[in-house]
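Work out the full structure: start from the sequences and follow the hints.
Chains as they are written, first to last, in our numbering: chain S, 1 to 111; chain F, 1 to 351.
Hints listed in this document are in silico derivations from the structure and should not be mistaken for laboratory results.
In this text, all values refer to a predicted model and were calculated from it rather than measured experimentally.
Certain hints may be false.
[What the hints assert, rightly or not] Per label pair, the in silico range of CB-to-CB distance:
| # | chain 1 | residue 1 | chain 2 | residue 2 | range |
| --- | --- | --- | --- | --- | --- |
| 1 | F | D293 | S | Y5 | 53 to 61 Å |
| 2 | S | E78 | F | N328 | 42 to 50 Å |
| 3 | F | T268 | S | E45 | 38 to 46 Å |
| 4 | F | T268 | S | N3 | 19 to 27 Å |
| 5 | F | R9 | S | K16 | 35 to 43 Å |
Ideal placement from N, C-alpha and C gives every residue a C-beta, glycine not left out.
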Amino acid sequence: MSNTYYDPKDLRKFGKISEWNSELGDKFFDWYGAVFKEGALSAREKSLIALAVSHTVQCPYCIDAYTKDALERGISKEEMMEAVHVSGAIRGGASLVHSVQMMNKVEKLSM
Amino acid sequence: MATKSLSARKNSLSDPKNQLKYLENGLFADGELPRFSQKLSLQNALPLRPVAIDIFQVNVGYMCNQVCSHCHVDAGPDRKEIMTRETMQQCLDLLAKTGAHTLDLTGGAPEMNPDFEWFVEQAAKVGVKDFIVRSNLTILVANKKYHHLPEFFAKHNVHVVSSLPFYNRERTDKQRGDGVFAKSIEALKLLNAQGYGQEGSGLILDLVYNPSGAFLPGDQKALENDFKKALKEDFDIDFNELFTITNLPISRFLEYLVASDNYEDYMTALVDAFNPSAVDGVMCKNTLSVSWDGYLFDCDFNQMLDLPVAAKSRHISEVDLDELLNRNIVISQHCYGCTAGAGSSCQGSTT
Chain S
1 MSNTYYDPKD
11 LRKFGKISEW
21 NSELGDKFFD
31 WYGAVFKEGA
41 LSAREKSLIA
51 LAVSHTVQCP
61 YCIDAYTKDA
71 LERGISKEEM
81 MEAVHVSGAI
91 RGGASLVHSV
101 QMMNKVEKLS
111 M
Chain F
1 MATKSLSARK
11 NSLSDPKNQL
21 KYLENGLFAD
31 GELPRFSQKL
41 SLQNALPLRP
51 VAIDIFQVNV
61 GYMCNQVCSH
71 CHVDAGPDRK
81 EIMTRETMQQ
91 CLDLLAKTGA
101 HTLDLTGGAP
111 EMNPDFEWFV
121 EQAAKVGVKD
131 FIVRSNLTIL
141 VANKKYHHLP
151 EFFAKHNVHV
161 VSSLPFYNRE
171 RTDKQRGDGV
181 FAKSIEALKL
191 LNAQGYGQEG
201 SGLILDLVYN
211 PSGAFLPGDQ
221 KALENDFKKA
231 LKEDFDIDFN
241 ELFTITNLPI
251 SRFLEYLVAS
261 DNYEDYMTAL
271 VDAFNPSAVD
281 GVMCKNTLSV
291 SWDGYLFDCD
301 FNQMLDLPVA
311 AKSRHISEVD
321 LDELLNRNIV
331 ISQHCYGCTA
341 GAGSSCQGST
351 T
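Here it is in structure tokens:
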């Protein structure tokens with residue numbers, strides 16, 4: 001038995017999530033496919049958003065999948081790392097902006 | 001990166017039989033992935049049959065000035081297999097008989113064959129519609145004896161198809177060796193100066209992109225736009241079309257996949273990307289490949305796997321065209337490379 005929760009090979013089995021509920025699984029994959037089609041945003045832009053969000057949600061499968069997708073699209077390392085910094089900046093900003101709450105509370109409780 | 005061929009390194013993968021063991025066993029033997037033949041039979045495309053001989057592809061030798069890490073030919077400076085003038089003449093004779101509209105010279109670096117220029121001059125007289133020479137670019141600036149080749153190509157109206165894995169130095173040099181990008185740019189400028197890739201010149205310069213790693217090529221048109229923009233802005237270089245070619249799990253690319261523990265994921269990606277509509281456009285249906293020593297194959301990849309045509313006449317000295325047109329095409333799991341995604345051939349995507 002595997003002694004880690006994540007196995008890279010499980011990514012290949014993503015499609016199998018439909019096996020226990022094909023109705024919802026199929027709907028998900030149809031929707032997923034439609035989301036990534038060329039639209040008001042290009043497929044390339046969507047790929048970079050997906051890469052950044054993969055880091056935000058810290059999904060190792062998504063990071064593997066969208067790193068590869070970025071390479072296939074000819075996206076450069078520089079672009080990839082900048083996208084991850086956007087993810088990091090929002091995460092860091094989300095913590096820091098809460099410090100306003102902290103500061104407010106300090107003000108309220110202090111004489 | 002290796003500086004010698006698998007053959008010179010006495011690597012076990014230099015023997016095609018050992019490559020075929022990978023392609024026939026493992027994931028495919030234990031049923032985790034379907035064999036290519038199973039996929040074809042699901043759409044009644046088995047046996048795979050030729051429809052014509054439109055493209056006559058001649059491999060004039062495995063010698064090359066580069067040792068690219070993805071090379072399916074295992075080409076390099078240490079390879080001595082070179083087509084003789086006698087075999088070239090047999091190729092010309094057969095070319096005329098087949099009525100093929102395209103002659104495609106490949107290698108190795110075809111320019112390194114000592115009879116290359118003689119062959120080009122003779123072949124130009126046959127008058128095929130499209131006469132392709134696959135040039136790795138760096139050979140054109142490698143040595144003085146090759147410096148006149150851009151002019152020579154232009155004189156014979158040769159269609160130049162050149163490999164350039166990426167439009168920046170880092171990804172190109174990683175695959176093809178240090179300094180290759182700079183030399184390739186220099187060679188492209190020389191070709192442009194002859195009129196290649198310039199509107200109205202009639203001289204065609206196409207580029208070949210193949211991924212520099214264990215991933216599939218992206219959309220051909222999107223990559224072509226990126227290449228055109230970057231090469232124009234950064235180097236003022238023009239070219240006609242970009243062909244995206246999928247790396248097949250053969251020879252040095254197979255060695256890389258196995259050594260980097262990417263083989264299983266890559267084969268899974270190829271199988272997952274199987275596109276039923278790409279089967280109609282596979283190049284083996286209208287191509288005949290000739291090796292340096294005159295043997296006949298369904299494609300250059302089968303040539304490297306030593307899988308000759310399934311016909312009694314397997315050598316250029318004893319060709320029976322009717323029999324060849326009625327052969328079954330020889331397949332294995334490497335064929336998934338030509339049916340993945342938008343399809344792949346020596347002329348780029350096929351769908």
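So, going through the hints one by one against the coordinates:
Between F/D293 and S/Y5 the CB atoms are about 55 Å apart, so this pair conforms to the stated range of 53 to 61 Å. The supplied range of 42 to 50 Å is met by S/E78 and F/N328, whose beta-carbon atoms lie about 49 Å from each other. At about 27 Å, the CB distance of F/T268 to S/E45 disagrees with the hint of 38 to 46 Å. A hinted range of 19 to 27 Å holds for the C-beta pair F/T268 and S/N3, which are about 24 Å apart.
At roughly 41 Å, the beta-carbon separation of F/R9 and S/K16 lies within the given 35 to 43 Å, and the hint holds.
Against the hints set out earlier in the document, a violation occurs for number 3 only.
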